[in-house]
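Letter by letter, the chains look like this.
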Amino acid sequence: NAGVTQTPKFQVLKTGQSMTLQCAQDMNHEYMSWYRQDPGMGLRLIHYSVGAGITDQGEVPNGYNVSRSTTEDFPLRLLSAAPSQTSVYFCASSYSMTGLDTGELFFGEGSRLTVL
Amino acid sequence: KNEVEQSPQNLTAQEGEFITINCSYSVGISALHWLQQHPGGGIVSLFMLSSGKKKHGRLIATINIQGKHSSLHITASHPRDSAVYICAVDPNFGNEKLTFGTGTRLTIIP
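Read top to bottom, the protein sequences are chains A and B.
In this text, residue positions in the first sequence follow the working numbering: the first is 1, and each later residue adds one.
In this text, residue positions in the second sequence follow the working numbering: the first is 1, and each later residue adds one.
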């Protein structure tokens with residue numbers, strides 16, 4: 001049982017390049033999400049999904065794209081990287097909550113992205 | 001938008017001390033998460049609660065959901081407890097619209 005697997009752990013891009021951050025979970029979780037973590041700020045939601053084929057925007061979606069073709073995978077695409085996207089990115093998953101017993105969040109180990 | 005504030009921002013204590021970290025929020029919620037992040041590491045869920053108190057080992061979390069306040073306590077603190085502790089509030093039992101605090105950096109000195 002691997003939990004939430006996020007790749008790559010580190011990436012350096014040049015302005016204008018594109019890339020995909022991969023996120024996979026093996027817990028059959030309906031809910032998956034992407035956050036970015038910047039110094040002095042709380043985690044901010046980029047995009048989320050409540051099931052295969054369903055995605056929605058979070059607080060800071062501009063410049064990012066997602067899709068959810070399977071329950072397991074939720075990749076985050078940077079279409080044209082900008083220095084403002086330099087951040088640490090976290091993928092998280094959980095069951096769609098019906099109560100406190102199902103709401104525990106599981107996070108990936110994070111991906112540190114630098115855009116030059 | 002829910003405003004989530006944690007205090008203190010930084011806390012340094014001696015090994016063995018009783019630690020309290022606070023989280024307050026401005027808008028009513030359904031549940032609150034406490035998370036732990038070690039330096040350079042991933043984020044681990046500690047608690048999710050909507051009323052009363054939960055205990056796991058040396059960690060205790062309490063919430064007064066009507067009073068818009070939660071606390072995380074660590075008894076008999078140990079250097080391995082050194083981490084950033086983050087609270088996150090959930091408006092409607094779905095994890096879809098969480099708002100996170102900026103975290104409390106805890107350092108326990110041997």
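Rather than coming from a laboratory, the hints here were simulated on the basis of the structure.
Among the hints, erroneous ones may be present.
[Said to hold, decoys possible] Quick partial rundown of chain B residues pointing at chain A, CB under 8 Å, derived from the structure:
1) E3
2) F18
3) M48
4) G52
5) H56
[Unchecked claim] Computed, partial: chain B to chain A, Cβ under 10 Å:
6) Q6
7) P8
8) T12
9) A13
10) V44
11) K55
12) L59
Backbone N, C-alpha and C fix where the C-beta goes; we use that ideal spot for every residue, glycine too.
Checklist entry - Holds or violated: K55 of chain B as interface residue toward chain A, Cβ cutoff 10 Å? => result 15 Å, violated
Next on the checklist: Interface hint check: L59 of chain B, Cβ to nearest Cβ on chain A, cutoff 10 Å. Holds or violated?
Outcome noted: Not OK, violated: L59 of chain B not within 10 Å of chain A, min 15 Å.
Checklist entry - Can V44 of chain B be said to touch chain A, with a Cβ gap under 10 Å? => result Constraint on V44 of chain B satisfied, holds at 7 Å.
Next on the checklist: Does the closest beta carbon of chain A sit nearer than 8 Å to the beta carbon of F18 of chain B?
Outcome noted: Since chain A brings no Cβ nearer than about 26 Å to F18 of chain B, farther than 8 Å, the hint is violated.
Next on the checklist: Just to be careful: measuring from the Cβ of A13 of chain B to every Cβ in chain A, is the smallest value less than 10 Å?
Outcome noted: 23 Å, violated
Item to check | Interface restraint verdict for P8 of chain B against chain A (beta-carbon cut-off 10 Å) | outcome: 15 Å, violated
Checklist entry - Hint check: is the beta carbon of E3 of chain B less than 8 Å from a beta carbon of chain A? => result Violated. Min distance 10 Å.
Checklist entry - Holds or violated: is there a CB of chain A closer than 10 Å to the CB of T12 of chain B? => result 19 Å, violated
Checklist entry - Does the nearest C-beta of chain A fall within a distance shorter than 8 Å of the C-beta of H56 of chain B? => result 12 Å, violated
Item to check | Minimum beta-carbon distance criterion (8 Å), G52 of chain B to chain A | outcome: 11 Å, violated
Item to check | M48 of chain B as an interface hint toward chain A, with CB separation required under 8 Å | outcome: Cβ of M48 of chain B sits 5 Å from chain A, so the hint holds.
Next on the checklist: A closest beta-carbon separation below 10 Å is what the hint needs, so does Q6 of chain B meet it against chain A?
Outcome noted: Holds, about 9 Å.
Comparing the model with each earlier hint shows violations of hints 1, 2, 4, 5, 7, 8, 9, 11 and 12; every other hint is respected.
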